[in-house]
Amino acid sequence: MPLVAIDLPRTMYDANADAVSAGLTQALADALGEPAEETIQIFTPYDDTNPPTRFAGGAGGDVIVGITLARRYSYDDKQELYKQVLVQLGRVGLDPSSVHIPLTENNDYDWSAH
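Each residue of the sequence shown is one higher than the last, beginning at 1 in the working numbering.
Just so you know, the hints here were simulated from the structure itself, not pulled from any lab data. It should be emphasised that the depicted structure is a prediction, and the values quoted were computed from it without experimental measurement. Watch out, some of these pointers could steer you wrong.
What the hints assert, rightly or not - Listed next, the in silico EDC-like pairs over lysine to aspartate or glutamate satisfying Cα-Cα at most 16 Å (straight line):
| # | residue 1 | residue 2 |
| --- | --- | --- |
| 1 | K83 | D30 |
| 2 | K78 | D30 |
| 3 | K83 | D95 |
| 4 | K78 | E34 |
| 5 | K78 | E105 |
I would like the entire structure built from these sequences, with the hints used as guidance.
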């Protein structure tokens, strides 16, 4: 059950939220075989003029796709996931060089489902 937290500029969110959501769901399915109905996504749009994240030399406008998932995937699986996320987001017009993907792994017992 991957948890995907997406921080992106408000204008990108307003124009592309559904397509970004579908693309991320597809990337998880293609790379890891994760079922769409088990993916949780949390969008956090931010003010385009005041991005909360900045990188050295960057002007802001970056998209952060933080993915938390179970510790069961190989290095190659994760590399394929990164590739698929960039492919899918590129299809909706996001510049792959502005996308950052931190991945956090945990164990099944770290999830609580009621």
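Consistency of the hints with the structure:
no. : hint        : verdict
1   : K83 to D30  : 10 Å, holds
2   : K78 to D30  : 12 Å, holds
3   : K83 to D95  : 13 Å, holds
4   : K78 to E34  : 13 Å, holds
5   : K78 to E105 : 11 Å, holds
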